[in-house]
Amino acid sequence: MSSLSTRLIWPGGLREKVRLLPTGKSGGAGEIFHIEGKPGYVAKIYHASTEATQREQYAQKINWMIQNKPDLPEIPPGHESVVQLAWPVAVTEGAQGFTGFVMEKIDFSRTLELDYLLTRRQAAQEGFQADFGKLVAISYNLASLIRCLHGKKIAVVDLKPMNLKVYKEELFVSILDCDGFRIYADNFSSEAPQVTPEYLAPEFHDKAVSHPEAQDWFALATIIFRLLNFGVHPYVGISKNAHGVPSELAQRIKMGLYPYGRMPHRTVKAVPASVHEAFPDNLRELFDRSFDWSVSGRPTAAEWIEVLGGYANKHSGLIQACAKGHLQFSGKPCASCLRESILHKHQASARRNTIARLALSPAKTLRNVQRTMTRVPSSPFQAGLIQAQAQGAQAQVPTLTLFVETYRALVVEVLWIAGLAISWWWLK
Amino acid sequence: MRRTFFLWAFLRSIDPAARVLMATFTLLGVVALWWILRPPTQAWYQALFFWRPTLLYWALALSLVIPPWLRWGYPVKYILGPHLHLAEKEWLWLCRIFALAYLFLGSVNLAFAYRTSSGDWIDFKDACMMNLLFLILLRINFVWLGILKNVVMLIYGVYKQVTLRLQGKVP
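Line by line, the protein sequences are chains A and B.
Start counting the first sequence at 1; every next residue gets the next number (the numbering used here).
Start counting the second sequence at 1001; every next residue gets the next number (the numbering used here).
Among the hints, erroneous ones may be present.
What the hints assert, rightly or not - Label-pair ranges, simulated between beta-carbon atoms:
| id | chain 1 | residue 1 | chain 2 | residue 2 | range |
| --- | --- | --- | --- | --- | --- |
| 1 | A | G244 | B | L1132 | 23 to 29 angstroms |
| 2 | B | L1148 | A | L343 | 47 to 53 angstroms |
| 3 | A | L402 | B | L1055 | 36 to 42 angstroms |
| 4 | B | W1069 | A | V404 | 29 to 35 angstroms |
| 5 | B | A1101 | A | L402 | 57 to 63 angstroms |
| 6 | A | I238 | B | W1072 | 55 to 61 angstroms |
| 7 | B | N1141 | A | L343 | 50 to 56 angstroms |
| 8 | A | V411 | B | L1132 | 44 to 50 angstroms |
| 9 | A | P272 | B | W1072 | 41 to 47 angstroms |
| 10 | A | V404 | B | P1040 | 29 to 35 angstroms |
| 11 | B | L1148 | A | P264 | 57 to 63 angstroms |
| 12 | B | A1101 | A | D206 | 54 to 60 angstroms |
| 13 | A | K428 | B | N1141 | 51 to 57 angstroms |
| 14 | A | G244 | B | P1040 | 52 to 58 angstroms |
Stated by the list, open to error - Covered stretches of chain B, going by a simulated chain A footprint (3 or more residues, C-beta under 8 angstroms):
| id | region |
| --- | --- |
| 15 | 1046 to 1055 |
| 16 | 1089 to 1099 |
| 17 | 1120 to 1129 |
Since the hints were derived computationally from the structure, they do not count as laboratory data.
The beta carbon of each residue, even a glycine, is placed where N, CA and C say it ideally should be.
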């Protein structure tokens, strides 16, 4: 879409004619535009194909939101440019009336998607060195933001890492797509049909979200758990029995397959990469109350703030440096060291398995080596695997392979000849 | 006890289809040994004498039909040898074809035994022996020559190592 002229209507009735310049960002509901002469704002213009009734609902919701901005967590002096909510501040109007709204601009160069923080390496690539101090602070800020929204009878509902931005320096969190929030105030209500199954509370699967605050508490707990546990989702686990568990996260959430509780789960166990054992007891209690069906009372955003506040405070002494310089929860093993040791053990075991496989199936190894020579592998992972096998194969193949292969073939042939002799007797 | 465990572990490591074939041949071998060591009475001898090829063929036909039906694998793989690289579906069809052929040969044996002269029956049995010869030729060409080459290479490798050690080039 090229540039277009529109009229802004600010609270109090001030009208202003401006030109909108495309940003190239477009979503399911509308498109985002720069506003000429207003670098601190952007406009979201709903698609022209939006039905009149839907447009009318948008207009009512945006007007209510402009009049009822929640009181957000306080920003320290010097960081006023931090935008915690892409909240509507003005309405845009075209020839046919309401077309969209104006919101404060979130500086994407100073922020990164919270999704990136779930993988430390990805966060580092984005210029953010994650540690437990920062992650706890981010979790605290997110919980604070959710509490402020709930205080105004507004719920995010579709709360997920992709909709959240984190300021790299200030560690404040911004929530995008505010026009999709659920409003359940006394004087106005608005639905929010959009949900993401991986962050949807078990009681709302296959049902409408009847208690939006409870949904936000569940999603908040899931995000905090993933932030602190190197991206491991609270419902990812390994089946303890032969029957297995559903592969989809949504099904696991519905069935309450949470293996990270203080009481072990009957059918699933934690993935080896998890460091939940290094979390302090009060945090584990909150996680258990959030995800374990047998433990009642899902913690509210205020409870999260109370517990996380202690850890987010640098002077509380609840987080300290380990011998290697990682930040850890006091009185608990260092989660970063634990993670490093898990990964180290995993790599060593994978190496041992590769060598064992080479010894057990030299013929397969030879085939892999031959394939490397004759064709390009389909993926970098396969290429790496084959290279690793080839290195081992060079050392093993000449002696071991030949002996084992010949020995096995001889055993088979002796049996075959015995069978032939028996057949000969029956035929003679 | 330990030997029993190793035998059990060895049998567990074998493909179920091969196990079925081994069981069939073990049974046939035990019967053959029994026959040789404790010859049956004249009446039994005469009755079973003509049935022997038929019993072998039908037993083989059964052991080719049952494992694929139970999804245990394809015994024909072990009759023909590891030199053929076929798809699972092709092995299945080969199993069926071999089973039908054995069923047919078993029936033809009875027809020759009871409907034709002794000379014709012996000719038929000799023709059946040719099948075995054909299998042996396949085996020699595609399997045994390869094994022989490996054995020679192993002996040569050992010889080379011993020579190098005697010359003091390898500690």
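For each hint, the structure was consulted:
At about 48 angstroms, the beta-carbon gap between G244/A and L1132/B misses the expected band of 23 to 29 angstroms. At about 48 angstroms, the CB distance of L1148/B to L343/A agrees with the hint of 47 to 53 angstroms. Between L402/A and L1055/B the C-beta distance comes to about 41 angstroms, which sits within the given range of 36 to 42 angstroms. One distance hint, 29 to 35 angstroms for the beta-carbon pair W1069/B and V404/A, holds here, with the actual separation near 33 angstroms.
At about 37 angstroms, the CB distance of A1101/B to L402/A disagrees with the hint of 57 to 63 angstroms. Taking 55 to 61 angstroms as the suggested C-beta distance range, the pair I238/A and W1072/B does not conform, at roughly 30 angstroms. Taking the beta carbon of each, N1141/B and L343/A are about 51 angstroms apart, inside 50 to 56 angstroms as hinted. The beta-carbon spacing between V411/A and L1132/B, approximately 21 angstroms, falls outside the hinted interval of 44 to 50 angstroms.
A hinted range of 41 to 47 angstroms is violated for the C-beta pair P272/A and W1072/B, which are about 35 angstroms apart. One distance hint, 29 to 35 angstroms for the beta-carbon pair V404/A and P1040/B, is violated here, with the actual separation near 44 angstroms. Distance hint for L1148/B and P264/A: a CB-CB separation of about 58 angstroms, consistent with the stated range 57 to 63 angstroms. Evaluation of the 54 to 60 angstroms hint for A1101/B and D206/A yields a pass: the beta carbon distance comes to about 57 angstroms.
Between K428/A and N1141/B the Cβ separation comes to about 25 angstroms, which falls outside the hinted range of 51 to 57 angstroms. Separated by about 55 angstroms at the C-beta atoms, G244/A and P1040/B satisfy the suggested range of 52 to 58 angstroms. With a cut-off of 8 angstroms between beta carbons, the region 1046 to 1055 of chain B has 3 residues touching chain A; three or more are needed, and the interface restraint holds. Only when three residues or more bring their CB closer than 8 angstroms to a CB of chain A does the claim for the region 1089 to 1099 of chain B stand; here the count is 0, and the claim is violated.
Coverage of the region 1120 to 1129 of chain B by chain A holds. Counting CB-CB distances below 8 angstroms, 3 residues qualify, and the rule asks for three or more.
When each numbered hint is compared with the structure, violations occur for hints 1, 5, 6, 8, 9, 10, 13 and 16.
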